[in-house]
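2 protein chains.
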Amino acid sequence: MKVSKNIESLMSSLQILPGVGPKTAKRLSLFLLGENKEGAKNLSSSIDTALNSIKHCKICGVLNDLDECAICTDLSRDEKYLCIVESTSDLFAIEETNEFQGKYFVLNGLLSPIDGIGPDELKIKKLLNLCTQREIKEVIIALNSTLEGEATSYFLLENLKEMNIKVTKLAEGVPAGGDLDYVDNNTLKRAFSWRRELGDKS
Amino acid sequence: MKVSKNIESLMSSLQILPGVGPKTAKRLSLFLLGENKEGAKNLSSSIDTALNSIKHCKICGVLNDLDECAICTDLSRDEKYLCIVESTSDLFAIEETNEFQGKYFVLNGLLSPIDGIGPDELKIKKLLNLCTQREIKEVIIALNSTLEGEATSYFLLENLKEMNIKVTKLAEGVPAGGDLDYVDNNTLKRAFSWRRELGDKS
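Taken in order, these protein sequences are the chains called R and X.
Reminder that position 45 of the first sequence reads as 44 in numbering that gives the first Met the number 0, one-by-one numbering, no gaps.
Reminder that position 2 of the second sequence reads as 1 in numbering that gives the first Met the number 0, one-by-one numbering, no gaps.
Some clues are possibly wrong.
Any copy, or any two copies together, can satisfy a pair, since identical chains are not distinguished.
Stated by the list, open to error - Taking lysine-lysine pairs in the BS3-like style, the calculated list, with each CA pair at most 30 Å apart, reads: (1) K22 x K124; (2) K168 x K125; (3) K1 x K136; (4) K4 x K57; (5) K136 x K40; (6) K4 x K165; (7) K40 x K1.
Keep in mind that the hints were calculated from the coordinates and are not lab data.
All values derive from a computational prediction rather than experimental measurement.
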């Protein structure tokens, strides 16, 4: 027995979200329709507004509301430092640390020949052009430490080396607050080889 | 640094959902805007459609699209059996079992003097009128086994007893598939007192 066609279709629309199954979709639907109609209205209009305005920044590729994003056009940020990330979400994560004051390039993917994602799809030519146009001091590769991430890092390194640009990558090691007992072997191995002398300020 | 005003406002709109914190909101927003724009469009329009059509059934109080819901107007269901539930969500849960072929009354809340919810807010007069109008054989109270649920059950029982109506309530005991070791004391106590003889078919 279908109690309500429209509630059922709201439930299935919610199930496209990662991590939302039928039970959660039911709970969320009834919450939106029964307890928080105002919030539901806001949610629907924020989705519409964001969908209508969202685009990739022409320079760095981040998802945002502008043709050229707030970071690319911010003159107070040092464009001699370029951080390469896989996605908008990774850029947000780095921004939240307040650690980096340079600029970004968002690949919007990783090299993956099986899925047909090559250097053209990731706009690597554009990235290399950017590096010749700017006086780059350092490119920081901040990609995930997965197979695709490593392959993409290696490919970028090969190309940037030819241009005599200093290339660094994020340190790999024990996560902050992590318990050595629970850290996997590979991470521990890398934490050993990336160790640094205590008192080293560099 | 706000990277995008519209993504930020989508993130805060998503955080009204129960169980969605800032990290999940970020993940969901970027999923909707980057990977599943079609799904995002559907979600926003399903919310609008549901919000515009949703109302409480005039008879039983369930949230649905119609003035009188599909269950109340279904002549094949036995109106001599009336199941009282707290919310639309509980009604859905019972419907999914396919165990009950009677009708419902949805209280849309539980008695709670502290929050100012008395018999009038729960439309108990309407419920009692329904019981006099229909030839009720049995009222099944299917409320949560919480303090408010118990108080509401007791209040209903008192009122229905005067009308000489048989009142039952859902069995309390060990959950199906439950491990005795992990069942709390109160549940186990009740499971003992509600035990029945094996071979009992009633």
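- prompt: Between K4 and K165, at a C-alpha cutoff of 30 Å, which is it: within one copy, between copies, both, or neither?
  reply: neither (59 Å within a copy, 34 Å between copies)
- prompt: Is it within, between, both, or neither for K1 and K136, if the alpha carbons may be no more than 30 Å apart?
  reply: This pair counts as between: shortest inter-copy Cα distance 26 Å, intra-copy 63 Å.
message: I want to check one pair: K136 and K40. Are their C-alpha atoms no more than 30 Å apart within a copy, between two copies, both, or neither?
response: Neither: 48 Å inside a chain and 43 Å across chains, both beyond 30 Å.
Intra- versus inter-copy proximity for K124 and K22 (alpha-carbon distance at most 30 Å): neither (46 Å within a copy, 33 Å between copies)
- prompt: When no copy is specified for K4 and K57, does a C-alpha distance of 30 Å or less occur within a copy, between copies, both, or neither?
  reply: between (42 Å within a copy, 17 Å between copies)
- prompt: Which holds for K40 with K1 at a C-alpha limit of 30 Å: within a copy, between copies, both or neither?
  reply: both (24 Å within a copy, 24 Å between copies)
query: Can you tell me if K168 and K125 fall within 30 Å by alpha carbon in one copy, between copies, both or neither?
result: within (20 Å within a copy, 69 Å between copies)
Going through the hint list in order, the structure does not satisfy hints 1, 5 and 6.
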